[in-house]
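Letter by letter, the chains look like this.
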Amino acid sequence: MTVFALDMSHFLAGGLVLLSFTLLYQDRLPPLINAYAIQSLFLSLSVAWQAQIQHAPHLLVTAGIALCFKAIVIPLVLHRLIRNLRIHRTVETVVDIGPTMIAGMALVGLSMALMMRATSGIDVLAREDLAFALSVILLGLLIMVTRRNAVSQVIGFMSVENGLILAATGAKGMPFVVETSVAFSILIAFIVIGIFLFRIRERFDTVDVAILDRFRGERL
Amino acid sequence: MTELLNPATAILIIPTAAALLLTLISSYRIAAWINVAAAFLTFTCALSLLVWRPTGLGHLLQVDDLNIVFIVLNTLVGFTTSLFSRGYIAHELEAGRLKPAHLRFYHAMYQVLMGAMNLALLTSITGLMWVAIELATLTTILMVGIYRTHEALEAAWKYFILGSVGIALALFGTILIYSVAQPVVGNGLPAMTWSTLTAHAAHFDPMILNIAFVFLLLGYGTKAGLVPLHAWLPDAHAEGPTPISAVLSGLLLNVAIYAILRFKMVLARNPETIAPGPIMMTMGLVSIIFAGLMLYRRRDIKRFFAFSSIEHMGIIAFAFGLGGPLANFAGLLHMAMHSLTKSGIFFAVGHITRIKNTQKISEITGLTTSHPMLGWILVASVVAIAGLPPFGVFTSEFLVVSSAFAHRPLLALPLVIGLLIALGALFLRLNSIAFGEPSGSMAPDRMSPLPILFHLGLVLMIGIFIPGPIVSWFQHIAALLG
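Residue numbers (the working numbering), protein chains in the order written: chain F, 12 to 231; chain X, -11 to 470.
Simulated from the structure, these hints should not be mistaken for laboratory data. From a predicted model like this one, the values you see are computed outputs, not experimental measurements. Glycine is no exception: its CB is placed at the ideal position from the N, C-alpha and C atoms. Be careful, since some hints might not be right.
[Said to hold, decoys possible] Restraint-style ranges between C-beta atoms, simulated for each label pair: (1) 376(X) x 41(F): 58 to 68 Å; (2) 45(F) x 15(X): 45 to 55 Å; (3) 84(X) x 117(F): 45 to 55 Å.
Could you put together the complete structure from these sequences and hints?
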């Protein structure tokens, strides 16, 4: 494997970690969604690069899913969704940015120290990918716990998932990577539909329950 | 083609075919019967695996001594729950809480759930097991939210978010296991197969195995509802349909425990790894004591028994963490007894909430006076779940406690305290529910108590006398678990 191949995959995976940090401090929804879209774009580039250097063309399917579904379709749907729910202008009260960033850096330091020391036995490519992937996963979990809004929680979860796909493609010759990414896309689609239903219900609630109660009263 | 048709594949094919068929059936009565028939067929196929174990299942499936226990238990409770569900949903339809379209969806999902759980247990591939558990989780999320009330959707949402975090952690652990196995056994499927993993585990890098196991324990531990990863469990149990509460408590939690056990077996083959036991015992003890204390503050009858499930998962995790032939035997037995008893209790709770039209404990009193049959069944079930003789839960809890005293006397103390705390809470609430002045609706119970009596009978039988073959079978598995 050439040095360039390693450097390139390093660069792309590092880009994912950096974008996780931008996700961490966005307190308005539209830029948060955009940052997620760029992260997904980096993921698809990274996966495509892995497909190239591992000579594994089936990974291109995963890269394609990342590009079409996660970098384009999901962000567009989310933009529409937050406009429909009228939450696109609200500013989320994130826990102070300073401490959050420090916590984020600590998590990245932790995952580097842990994975680089632990994984000395395995392939150098998989090893660095795993370290970066764990950083992305932990940062995504941090986003999920510091947010209250359902949409930002979902974006946190989706960035966790980006980290997982990064890890799975880094592990050389792992079966079911494509299947896993498809399964995850379905899960995400369900979540997004879920928010939609959930919010709609919430808005109709006051009217709906009253009608329902009267309706039941008549029937029983 | 004929190789594909054997009891093992039938356990997967029947639920899939039934799910497809059920999406086409619009009459809920016929659908309920098809559901029962499919569950019964799956159960008989699972039973036939006991006597005839097919070979040549290919690379994806395997039947061995460990998973067969889980499969038989899974299909048995799946069958009795489908019987209970038939009566239950008819009532939900009458009460207007569900529409016929919902029921069509419900029945198809029920079979998908059974199929997914069977696949998780049958497969020999770590990645496929993960996909199956994810599928099972997704279907239960959809079922929990089926009433479309604000609370139900919120419970489903919480389950969704926490379940997804668990799923993510478990997948990272699975990937780590693959990347540690890949340099030793080569690319592709072998590095994800249980048998190759256990055979070569001694050559794997112990440090990565440790980290992978922590991720897997946290990930699948979320699914098993171990404290502090339990927050989704009570809400999901309380807001979903009662048959689903029974399946969640009785079966899905077991599948998660099974996943942890499988990975623990891989770890046990490598002498340089950390012992997974102490982590599991700690999580188990914390679950037992926390759930025991929380039981006192519950106002909702389904949430109450959901917390009791957390307590029992804690006991099971503790037993398997303790390890050794006796504790593993006790863990397996406890798992089987808990599944049967707890799903029976949820059936009874389904009858009660149906009659009284409420889930509030304070509004359900004097059940033995107003509905003697149901009331005394509930009393017997709660006595069983509290771990008192002559029921099987007593036997298994007694074995857990005595092996704890033999190997870790210091840990046995908090275990016993936790069990007593839970016992107190169970009897405190049982007293108000079963005895005293009856309140609320006095309408007769029109649903058949047969499924509950069947479960109670099995638990009672095991409590009094465990048949020899079962003992030697469980002992054999306990030895395998190490």
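So which of the earlier hints does this model not fit?
-> Violated hints: none; all satisfied.
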